[in-house]
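First to last, the protein sequences are chains A, B and C.
Offset between the first sequence (1-based) and this note's numbering: plus 10.
Offset between the second sequence (1-based) and this note's numbering: plus 1.
Offset between the third sequence (1-based) and this note's numbering: plus 33.
Because the hints were derived from the structure by calculation, they are not lab data.
From the three backbone atoms N, C-alpha and C, an ideal C-beta is built for every residue, glycine too.
Any given hint might turn out to be false.
A partial selection of chain C residues facing chain A, derived with a Cβ cut-off under 8 Å [to be verified]:
| no. | residue |
| --- | --- |
| 1 | Asp62 |
| 2 | Phe103 |
| 3 | Phe146 |
| 4 | Leu149 |
| 5 | Ile170 |
| 6 | Val173 |
| 7 | Ile212 |
| 8 | Arg226 |
| 9 | Val231 |
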Amino acid sequence: MNNESRLLGAMFLRMGQVRVDRMVSERMPRRPIVGACCNTPLRPGSDTAGSLWEVLIGAFTGFWMVCLGSSLPGLSTLPAASQFAGLFRVERTNALVLSLIFAGAVLWYITQARRGAKMYVRPIPGLSAVDEAVGRATEMGRPIVFIPGTGDLDEIQTIAGLSILGRVARVTARYATPLRVPVLYPLPMAAAQEIVREAYFDEGVEHLDPQTVQYVAGESFSYSARVGGMMLRERPAAAIYMGQFTAESLLIAEVGQSTGAIQIAGTASPDQLPFFIAACDYTLIGEELYAASAYLSGDPRMLGSLKGQDLMKVLIAAAVVVGTIAVSAGWNPGWLLTMFEAK
Amino acid sequence: MSELRPAQPVPRAPFWQRLQAVDRRILYSLIFASVIIPVVWPLHLPTPVTPESRAFFNAVDSLPSGSVVLFPFDFWPSTLPETEPMAVAGLRHCFRKNLRVVGLSNVGMGGPSIADRLLDSIGAEFHKSYGVDYVNLGYKANYSAVLLGMGSKIADIFPADHRGTRLEDIPLMRQVPNYDSVKFVLIISDNAMTDYWVALVNARFGLPMVAGVTAIMAPKMLSYIHSHQLIGLLGGMKGAAEYEQLIGHADKASLGMDAQSLIHFLIISFIILGNAGHFMMRRQQARAGQV
Amino acid sequence: MKTRLPVLVAFISGALMIIAFFGRGSMVDAASETALTWQSIVGGFALLLGAVSIVRVHWQKISTRHEDRFYSACLLVCFVVMGGSGVVFGIGGGTLFDGLFQRIQAPMMSTMFSVLAFFIASAAYRAFRARSVSSAILLVAAMVVMLGRIPMGQYIYHGLPAWADWIMTVPSMAVQRGILIGAALGAASMSLRIILGVERTYLGRG
């Protein structure tokens, strides 16, 4: 679980008391559980993604059925159920149900997209400006600085940042614009090197200068001092900051602003957004960062996943409205509170 | 060789335009002066106490004497100006109430040393003994394993304290095998560790907790106050100054608040001047028919 | 193969973590703990990559007589002294490494942190301009919060701290929650795309 997911859970925490055991016994369908996983067919000729999601859904279904089996009257006598008795954290049933609804919505829209349904994504000015920034740097003959956040590789925002790096590296390689990618942790460095190398190779550039992707420091203030110094010396034409940032965000962005670079930032760290908005020309806010790779690639399957995400957002907004009205009217919507409680 | 030309006089920008783009070195010099002046001549301005800081104080103050408080020093040396006053005030409050403090750090670089220094110095103020009234467990990597593992058995995660003494040889730790013996958590943090304490320890083990965080982090932490996952919150130097005021021991944060007041005032003045320049320029342009 | 193997590793690791979150039992716990241990070990080895990168980049600057070669030389000297002292004398309290860290690096880190105050001032001066109705609202809210959070504010108007508190806890918190919910869903959607192998851009593909 990443930090945002924990926070989302935490926000709804302590809003009510769980009666999961009752919910499970009342709502679980009574159907045979054996072989739920094995019966899910793998479609011949389907691509990796298609096969994988089928396996995942099968595994999920089987796991859920087998583990919950022990809680259901009459089913615990089955050999599989008794063998795996108590393997499921019953108190997290609500999280599992919500996860399945969410995953189902995303997968449904991905399938729709693969069948040719048109997916509209509103224009994101910050991403449209990436090409403009590269063009400006090419014209001026100055480098572009790309920072994939200051988180390690286990942070999903870093992955989102690295996804955008691939696109930026490809365009800079095409126009022979120097690229600088200073990183704070070694693992993102290794990933960034691979991404830039692949992008350069695709554009016919075989040599990757060691200065392009470099490990700078393992501590954020040492890192910001080094990056600030580099920006003042090299005066980049454009600076792109995409990923997780902490207190160093303003230290870097303000130096970039003083050098006259066009600056594009994107982060899902709410406490750093005001700094980027004050110091940068364009800022991707929260989910826009995660949507960036889908937006830039234009891959319908990835765009489809955004649609599924929007559906979940509508459901949560509806729950918030219903909950607010219910509480304001003096009713106690216990089931709604239980649904969003994290354990 | 370039052709020599008579120097052309550079037309000076109108006053209102210059007011919108004051050289940042002038701004920085004024900020620097605003920090130095109140340090030399303190203003002793009283700080209004927020409900979150009062709740923080009340939560610690209501603990029975002898209770065990877990005290994570989860901050880097870089944020010491903001976090140290909170930690010092927190320790003073705990020791004055005769609470027993178990310190630890989830920040490897510098965290355990800072914990050692503060526990020893504030412990000495109240004549407290290491191992009986307080202990420093030090640092262990992998915060999630540390936070969850301590719920089952602290000695599995920290077989010895920061000084290398085995936990079974420390009188205080013999009475604290896991979270069941801990009454309260007082977090001082400058990073996402507060989120993890809330998500992993408060949610799973139900331990009540308060947090002191940097001013930048404070708005985000308010959501935990609303959901009652944190009982109280100190935000930055202001929160520390309020806490110092509540425990009746004015120290570094109270001194720093004078400087912070002046700086806020200065920034507001900059904003007003910049906007005055912006409006006057727009007016002049409108008159000249440019808008 | 170059793409399929990482996608498969991502799928297995992701599925394992999901199972560990919803499941319980010694086998599940052991598997997820092993995965996390592997992650730490890989991270440890990656640190070597980082050290190699630093030495390589800065040595290249020195050997090619780059104009920044003196900074690079300084960095390499500090790198050797700090690293060497840790390896030779250990990193515990009272060692040379600890002394260098506490007396040199820590004050330098605090200095960088304090630079934020200067940068916040210049950024606020530049950004808070009432160019439109919405930016004017933002400007007024910012001024109320700034004045309400300092002792001087209550002398100007005694209700300012309460107003500042309301802005922070109601509209600001509502916006933050909205951003947080959107970001959490975005993160979950991206995680799902990665686990299922739909998202491959982080591998340099797509």
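Right, here's what the structure says about each hint:
A least Cβ separation of about 11 Å between C:Asp62 and chain A goes past the 8 Å threshold, and the interface hint is therefore violated. For the restraint placing C:Phe103 at the interface with chain A, the shortest Cβ-Cβ distance is roughly 12 Å, beyond the 8 Å limit, so the hint is violated. Checking C:Phe146 against chain A by beta carbon gives a least distance of about 6 Å; that is within 8 Å, so the hint holds. At about 6 Å, the closest approach between the beta carbon of C:Leu149 and any beta carbon in chain A falls short of 8 Å, and the interface hint on this residue holds.
Against a cut-off of 8 Å between C-beta atoms, the interface hint on C:Ile170 is violated, since the closest Cβ of chain A lies about 15 Å away. Nearest Cβ of chain A to the Cβ of C:Val173: about 16 Å, over the 8 Å cut. The hint is violated. A cut of 8 Å between beta carbons decides the hint on C:Ile212: the least distance to chain A is about 4 Å, and the hint holds. Here the hint on C:Arg226 is kept, as its CB sits about 5 Å from the closest CB of chain A, short of 8 Å.
The restraint placing C:Val231 at the interface with chain A holds, with a minimum CB-CB distance near 5 Å, inside the 8 Å limit.
Hints 1, 2, 5 and 6 from the list above are not met by this structure, while the remaining hints are.
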